[in-house]
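**Student:** The primary structure of each chain is shown beneath.
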Amino acid sequence: MSKSIDVSDVNIYYGDFLAVQGVNMSIRAGAVTAFIGPSGCGKSTFLRSLNRMHEVIPGARVEGKIVVDGQDLYGPGVDPVAVRRQVGMVFQRPNPFPTMSIYDNVLAGLKLNAGKLKKSEADAVVEKSLRGANLWNEVKDRLNKPGMGLSGGQQQRLCIARAIAVEPQVLLMDEPCSALDPISTSAIEDLIHELKDEFTIVIVTHNMQQAARVSDDTGFFNLKATGEPGHLVEFNPTKKMFANPDDPSTEAYISGRFG
Amino acid sequence: MTAPTAEIEDQPADWASVRGGIGDRIFSGAALAAGLTILAALAGVFIFLLAKGATGFSKPAGVYGPHAESFLGYVFPLLVGTFTASIIALIIAVPLAFGIALVISHYAPKWLSAPVAFVIDLLAAVPSVVYGLWGAFFLAKKLVPMHDWLHATFGGWPILGALFGEPSTAGRTVLTAGIVLAIMILPIITAITREVFSRTPRLHEEAALALGATRWEMIRMTVFPYSRSGMVSAVMLGLGRALGETMAVTMVLSVGFDLSWNIIAQSSPTSIAANVALKYKERSADLLNVLVATGLVLFLLTFLVNFAARWVIGRSERRMAR
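Same order as they appear, the protein sequences are chains A and B. As numbered in numbering that gives the first Met the number 0, residues 0 to 258 make up the first sequence, in order. As numbered in numbering that gives the first Met the number 0, residues 0 to 321 make up the second sequence, in order.
By construction, these hints were calculated from the structure, which means they are not laboratory data. These numbers come from a predicted model, not from an experiment. We put the beta carbon where it would ideally sit given N, CA and C, even for glycine. Accuracy of the hints is not assured; some may be wrong.
A few chain A residues that face chain B, going by a derived Cβ cut-off under 7 Å, partial list only [what the hints assert, rightly or not]: (1) Ser25; (2) Arg27; (3) Ile56; (4) Met88; (5) Asn94; (6) Gly108; (7) Leu111; (8) Val124.
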């Protein structure tokens, strides 16, 4: 089910402003790929271009090719809505739908795709997704309570359950733990390990230990200079990246001697 | 327990408010005064209506004449007229206003949405007497063919046919008054809903979009639930304006006293507010009391409608609040 992503010569703009320039990379199927780099270097922007969420901002656009499963996401006639159904996303801050119960939150995406579900099918999907997100045991007795009543870490796992309920090929995570405490963070990291069997996972993180812990490959983004666009400095297996990076600026960033 | 006390006693000056907090006190006093003023004004209006109108409920039958014999008989056609015109106005204005607000907040590009919003706001600046003149001398005539068409098309239908009976030849009907009212309440409903729609947290909108929602699905999943309370407020303000509007109804409607379902009839009962505007100059003390009493009825009913709407909203929100 998981798919690889091939990125070639991608430039990302906000209006006339070139935010990210000339990205080439190959994201492996069924692996976790982490993006690290200083704030404002374009790693989140690049992540959002992988499911066409970047263009939600007025004036924002993407040039180049991003190929998932043989299909260029930015090819003519490709519907961004269809892309987002195949490439799910989890955001920095947990964002369950405030007016929906836990149960309805999990099914929100599925109802868009499949229309009416039988009650038994819906129940099965909710249980499977919540189990998949390691949340089932905590919420199984209060599925009809609002999702906003959960703790921050639980809300984030609910958002992951909501994203995996539609069975996407790729799961994007934009700093999914930055608003969470260490215990919740650890729960999400364990979850990422389990999910990579089924999904290609791409995660943006500010926490280098986290990148080292959860990812198989790592991409380091940086600004060429202040006011210049961000670019991909180095893309390598995480082990190599943290032990023996190719680029001196990567080493400087990872070892904390940056800037 | 003694140690911290001792510390405080050592340096009492550090704990006293340095700037005295006078600004805070002035502001909180001013805010409280403003809030109380509103309540006092509302109470004052209510007491006035009650004091002046109480006797209006039970005058000798002659005062209510020539078309009614009791207060109930007098006020009921007016109530029907008020609510028919207002409901027609809401039916037309609410979907239109929500649609315009959505276009401005979520569909139109910036260069288009700003001028559209401005033009809609301008509608609110037109005095109601202008709408009245326009409705009575221009729109009414133009709507005569529509009245005929409505009668010809729906007149024979069950239930619906009752609304579209024998059409007026002048077009000065409840329907026309409702349409003019709809245009008058459009800006306030649009302005408020536009504001609440655009306040929907980006986080929620993106959550829906990232799940593969189309723009309309995103609006249904996030914008409407988030804005529900504001949408009701907007409709209530619009309804309040429609219920209380005098000039447009006074000038457009050809007043009659026969109660009927026909909203395109030659003449129809006017609204409470328009009736007060028409009659208060007669200066008969008895009639004045009756007019104030009808005002009291309108006041209480508006209150009731507002409370009912709040209760409906509150119920669904309480249900989600654990």
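**Student:** Flag every earlier hint the structure violates by its number, smallest first.
**Tutor:** The structure conflicts with hints 1, 2, 3 and 8, although it agrees with all the remaining ones.
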